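Turn these sequences into a full structure, and let the hints steer you where they fit.
Protein sequence lines, in the order shown, are assigned to chains A and B. Count along the first sequence from 1, add 4, and you get the number used in my numbering. Count along the second sequence from 1, add 1128, and you get the number used in my numbering.
Honestly, the hints are just simulated from the structure, not real lab data. Note that this is a predicted model, so its numbers are computed, not measured. Beta carbons: idealized from backbone N, C-alpha and C, even for Gly. Please note that the accuracy of each hint is not assured.
The calculated lysine-lysine pairs, modelled on DSS-like cross-linking and capped at a C-alpha distance of 27 Å, are [stated by the list, open to error]:
(1) A:Lys72 x A:Lys122
(2) B:Lys1288 x A:Lys111
(3) B:Lys1323 x A:Lys114
(4) B:Lys1157 x A:Lys114
(5) A:Lys57 x B:Lys1228
To list a few chain B residues with every Cβ distance to chain A over 10 Å, as calculated [claimed, not checked]:
(6) Pro1137
(7) Lys1162
(8) Gln1223
(9) Gly1243
(10) Pro1326
(11) Lys1337
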Amino acid sequence: MHEYSIASEIVSNVLDAVEKNSAKKVLSVRLEIGELALLNVEQVVHWVQALFKGTMAEGAEVKVKTIKAIVQCQSCGYKGRNIPDSRDIDQHYAAFICPKCGSPEVKIEKGRECMLRKIQAVR
Amino acid sequence: MKIIKPKGPEIFDIELEKDLLAKNRVLAKGNRRKLDQSKIIAIDIMGSIGSGKTSLIKALLRKLNMGEAIGVIAGDLTTTIDAERIEEEGARVIQVNTGKECHLDANLIHRAINGMKLDGVKILLIENVGNLICPGEFPLGAHKRVVVTSVTEGPYMIVKHPYIFREADVIVLNKIDLAKAMKVNPSQLEKDARKINPRAPFIKANALKGTGISKVIEALGLE
Ligand SMILES: Nc1nc2c(ncn2[C@@H]2O[C@H](COP(=O)(O)OP(=O)(O)OP(=O)(O)O)[C@@H](O)[C@H]2O)c(=O)[nH]1
Ligand SMILES: [Mg+2]
Ligand SMILES: [Zn+2]
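Right, here's the structure in full:
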């Protein structure tokens, strides 16, 4: 539900970076969003595009790469992807319990990120 | 003859590694430093809409009975209703309106603690915006985080929102007086919570009557 605030953060970072690199126009931006991040990717893209309007990034393509979740169990050392592929309501809940030993001491190594990785621009 | 050709547009890539939640985390650390310097213990009270966050704060204020030594930051989208309800208990209250944001963030808290008279304040209670999703992602710099949920939200709140319950230092299951009428089994909710967060005390409360409030105070180390 915080897609709007994340999108504003993305847009201000993009405009900052292109200004520093004296670019004239932004062609595309690339984001990485983890599958366990609490973000609706379509809404993030929608807001970024909306906020780009009237700036030198207007019309830029917004590409999103999904980062697969990797968890590591602190009790038994299990490491791997730990979410059922279904869209169950308890999908995320299950991600916090080790599939091997049932321990909740699971560290999420990957899958929660929301990153701005690349901007393609014209000088 | 020398021809000067127009220089074509140069396309280039800017590579970044910009974590978009990092800025909030840095600001939260700054808040924590400022609170520590002022010897204030801050508690972030998160939870669902209408679960009883304001009622819990009022109950804590009554029980602790410390007057203006407790400050409260009341987060809300646009109204001052909760701030006024809290003021009745004699605490120092500041209202923070988030507008369209569904959560408080470290920057809003930074502004609130800088705009508030903190001398003499020992405890700062922060009511976050009612929401079980976003506030968990935006630490404020508080020392402890409470998540309030209530039986009237049905039996699946913890399974549906594991992130925020995992972040909790204390979990309060409120409106315990209504469990039977709602056909909700509090022990099952407790089991769901224990499974993902065995560390956080799980306290059954009735914020209107004051049931469970001393346990919350004890769990937060506020005595
Ligand atoms: N029966 C019962 N009602 C309660 C209890 N705690 C709170 N309520 C009622 O629940 C309603 C909502 O309580 P609030 O304290 O305003 O809840 P909140 O979480 O602050 O609500 P928002 O800030 O609007 O998200 C009010 O009508 C309270 O009187 C309780 O333990 N038992
Ligand atoms: Mg309230
Ligand atoms: Zn394990």
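Status of the hints after comparison with the structure:
1. With a C-alpha separation of about 19 Å, the suggested pairing of A:Lys72 with A:Lys122 holds against the 27 Å cut-off.
2. Among the hinted pairs, B:Lys1288 with A:Lys111 is consistent with the structure: their alpha-carbon atoms are about 19 Å apart, no more than 27 Å.
3. For the hint pairing B:Lys1323 with A:Lys114, the CA-to-CA distance comes to about 21 Å; that is within 27 Å, so the pair holds.
4. This hinted pair checks out: B:Lys1157 and A:Lys114 have alpha carbons roughly 23 Å apart, not beyond 27 Å.
5. Annotation: proposed proximity of A:Lys57 to B:Lys1228 holds, straight-line Cα distance about 20 Å (limit 27 Å).
6. Not every C-beta of chain A lies more than 10 Å from that of B:Pro1137, the closest at about 5 Å, which undercuts listing it as non-interface.
7. Listed as outside the interface, B:Lys1162 is consistent with that label: its C-beta sits roughly 23 Å from the nearest C-beta of chain A, beyond the 10 Å cut-off.
8. A cut-off of 10 Å between C-beta atoms confirms that B:Gln1223 is not in contact with chain A; the least separation is 20 Å.
9. Under the 10 Å C-beta cut-off, the non-interface status given to B:Gly1243 relative to chain A holds; the minimum distance is some 21 Å.
10. Against chain A, the non-interface label of B:Pro1326 is violated: not every CB pair exceeds 10 Å, the least being about 6 Å.
11. Residue placement check: B:Lys1337 keeps its beta carbon more than 10 Å from all beta carbons of chain A (closest about 31 Å).
Comparing the model with each numbered hint stated earlier shows that hints 6 and 10 do not hold.
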